[in-house]
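First residue of the sequence shown? That's -14 in this note's numbering, and the numbers climb one at a time after it.
Some clues are possibly wrong.
Quick list of in silico lysine-lysine cross-link-like pairs, DSSO-like style, CA-CA up to 27 Å [to be verified]:
(1) Lys12 with Lys92
(2) Lys4 with Lys45
(3) Lys225 with Lys4
(4) Lys8 with Lys53
(5) Lys4 with Lys229
(6) Lys12 with Lys45
(7) Lys172 with Lys229
(8) Lys138 with Lys262
(9) Lys210 with Lys45
(10) Lys172 with Lys138
(11) Lys209 with Lys262
(12) Lys8 with Lys262
(13) Lys4 with Lys53
(14) Lys92 with Lys4
(15) Lys209 with Lys138
(16) Lys53 with Lys12
(17) Lys138 with Lys92
(18) Lys229 with Lys138
(19) Lys225 with Lys53
(20) Lys210 with Lys172
(21) Lys209 with Lys4
(22) Lys209 with Lys8
(23) Lys8 with Lys172
(24) Lys225 with Lys138
(25) Lys229 with Lys53
Pairwise CB distance ranges (calculated) [said to hold, decoys possible]:
(26) Pro247 with Asp23: 14 to 22 Å
(27) Ser164 with Glu81: 24 to 32 Å
(28) Thr25 with Glu96: 45 to 53 Å
(29) Glu52 with Leu243: 49 to 57 Å
(30) Gly10 with Arg178: 44 to 52 Å
(31) Glu26 with Arg49: 40 to 48 Å
(32) Ser238 with Gly10: 31 to 39 Å
(33) Val36 with Thr119: 19 to 27 Å
(34) Asp116 with Pro247: 44 to 52 Å
(35) Ser164 with Gln223: 20 to 28 Å
(36) Thr113 with Thr163: 16 to 24 Å
(37) Pro120 with Asp23: 33 to 41 Å
(38) Ala20 with Lys262: 34 to 42 Å
Note that these hints are calculated values from the structure, not bench results. Note that the coordinates shown come from a computational prediction; the quantities given were computed from them, not determined experimentally. Note that CB positions come from ideal geometry on N, CA and C, so glycine has one too.
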Amino acid sequence: MTSAIITGANGFVGTALVKELAKQGIKVTAVVRSAQSDVTEILGLPGVRVVFCPMEELDKLSERVQEKANVFYHLAWAGSTGPARGNYKLQLTNTEWMLDAVNEAAKLGCEKFIGAGTLAELDVNAYTPLDGTTPNPVSCYGVAKITAHYMSKAECSRLGIDHCWAYLSNTYGIGNYTSNFVNFAAKTMIEGRPANFTSGEQSYDFVHISDTARGLSCIGAAGKKNYAYYIGSGVVTQLKEYIKMIRDAVDPSIQLNLGAIPFNGTVQPESIFDCSKLMNDTGYEPHVSFQDGIAETVPWIRKQIQEGRL
């Protein structure tokens, strides 16, 4: 891989990936929504060119980019956090944009297309089809990702492009302004609200942003055609243990109320967090432990709360 196109390039994951590829000397076309988008983190990086293109006009991207590339990363996704995950019209539109991206990748001569998936896909497949289950709003988001996954794979096959899918886990770290679990839990404790959680018996995995970016880079360089890869930390433990580590990074004296909130879902086997396939196929290695990652992230979260940004 000598060149890449990245949509959603100024987002949390996109920014980290742009920086990772630029560090490797890979030429990057960073696609962001508009001239009003914040591109301060990626502007001026060596080999990086910023191109403005709203998702609604993604089917015209090749006209704006013009230069060919080896790999196309489609990370852009509207409504990936909060109540918007339950907006079915928005989520269905995201799947259409994914297919537009595939077709633009073909026009730009890309040999490989990489879509960003989520473990919510596996949660949906394991839980929603069961009789008597009660889906939550995130199920709409998960179903849309499943649809985008399979339809983009089929479209890539039709167009003769290698397809890879990246299952992103619970990615955390400096620069994440979403309401993901780490941010939610840390903010709850920092603001002094009751630390009420489920019992946290289920297996979980949290991945530092630098490892997620490294994993995506490895898939671009060596991921096998029509494979789906989980990008993990290499360490899986019960959610309650992660909650305790977040608490300890905030204030070890905080009382945790595990079991105060009922768990609505299905417990996934530890095997879904296995990233050995990615490691064996591409040479990926996770570098950041949760203890180290959360130690640097909590002070940043505290500062963002103080400044009213989170």
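Here is what the structure says about each hint:
Restraint check for Lys12 and Lys92: satisfied, since their Cα atoms lie roughly 18 Å apart, inside the 27 Å limit. At most 27 Å may separate the alpha-carbon atoms for a hinted pair to count; Lys4 and Lys45 meet this at roughly 26 Å. A threshold of 27 Å between alpha carbons decides the hint, and for Lys225 with Lys4 the separation of about 33 Å lies outside it, so the pair is violated. Between Lys8 and Lys53 the CA atoms are separated by roughly 20 Å; this keeps the pair inside 27 Å, and the hint holds.
About 31 Å separates the Cα atoms of Lys4 and Lys229, which puts this hinted pair outside 27 Å; it is violated. For the suggested pair Lys12 and Lys45, the alpha carbons sit about 21 Å apart, so the restraint of at most 27 Å is met. Proposed proximity of Lys172 and Lys229 is supported: the alpha carbons are some 14 Å apart, at most 27 Å. With a C-alpha separation of about 19 Å, the suggested pairing of Lys138 with Lys262 holds against the 27 Å cut-off.
At roughly 26 Å between alpha-carbon atoms, Lys210 and Lys45 fall within 27 Å of each other, so this suggested pair holds. In summary, the hint linking Lys172 to Lys138 is not supported, as the alpha carbons are separated by about 38 Å, beyond the 27 Å threshold. The straight-line distance between the Cα atoms of Lys209 and Lys262 is roughly 10 Å, inside the 27 Å bound, and the hint therefore holds. Only pairs whose Cα atoms come within 27 Å are accepted, and Lys8 paired with Lys262 is accepted, the gap being roughly 25 Å.
Of the supplied pair hints, the one linking Lys4 and Lys53 holds, its CA atoms being roughly 20 Å apart against a limit of 27 Å. For the hint linking Lys92 to Lys4, the alpha-carbon distance of about 25 Å falls within 27 Å, and the restraint holds. For a cut-off of 27 Å, the pair hint linking Lys209 to Lys138 stands: about 13 Å separates their Cα positions. At roughly 11 Å between alpha-carbon atoms, Lys53 and Lys12 fall within 27 Å of each other, so this suggested pair holds.
Using a Cα cut-off of 27 Å, the hinted pair Lys138 and Lys92 holds, with the two alpha carbons roughly 17 Å apart. Distance hint between Lys229 and Lys138 is unfulfilled; the C-alpha atoms sit about 40 Å from each other, more than 27 Å. Annotation: proposed proximity of Lys225 to Lys53 is violated, straight-line Cα distance about 47 Å (limit 27 Å). For the hint pairing Lys210 with Lys172, the CA-to-CA distance comes to about 41 Å; that exceeds 27 Å, so the pair is violated.
Among the hinted pairs, Lys209 with Lys4 is consistent with the structure: their alpha-carbon atoms are about 23 Å apart, no more than 27 Å. Note on Lys209 and Lys8: the hinted pairing holds, with a Cα-Cα distance of about 23 Å set against a maximum of 27 Å. Between Lys8 and Lys172, the direct Cα distance comes to roughly 32 Å. Violation of the 27 Å bound is thereby established for this hinted pair. About 36 Å separates the Cα atoms of Lys225 and Lys138, which puts this hinted pair outside 27 Å; it is violated.
Using a Cα cut-off of 27 Å, the hinted pair Lys229 and Lys53 is violated, with the two alpha carbons roughly 48 Å apart. Between Pro247 and Asp23 the Cβ separation comes to about 39 Å, which falls outside the hinted range of 14 to 22 Å. A C-beta distance of roughly 25 Å is found between Ser164 and Glu81, which places it inside the suggested range of 24 to 32 Å. Restraint check, Thr25 to Glu96: a C-beta distance of roughly 31 Å breaks the suggested window 45 to 53 Å.
As the Cβ distance of Glu52 to Leu243 is approximately 53 Å, the hint placing it in 49 to 57 Å holds. Here the CB-CB span from Gly10 to Arg178 is close to 46 Å, well matched to the stated 44 to 52 Å. Between Glu26 and Arg49 the C-beta distance comes to about 21 Å, which lies outside the given range of 40 to 48 Å. A hinted range of 31 to 39 Å is violated for the C-beta pair Ser238 and Gly10, which are about 48 Å apart.
At about 43 Å, the beta-carbon gap between Val36 and Thr119 misses the expected band of 19 to 27 Å. Taken as a hint, the range 44 to 52 Å is violated for the pair Asp116 and Pro247, whose Cβ atoms sit roughly 20 Å apart. The hint said 20 to 28 Å for the Cβ distance between Ser164 and Gln223, and at roughly 22 Å that hint holds. Range check, Thr113 to Thr163: about 23 Å between beta-carbon atoms, so the 16 to 24 Å window is met.
Against the hinted window of 33 to 41 Å, the Cβ-Cβ separation of Pro120 and Asp23 comes to about 34 Å, which satisfies the hint. Between Ala20 and Lys262 the Cβ separation comes to about 40 Å, which falls inside the hinted range of 34 to 42 Å.
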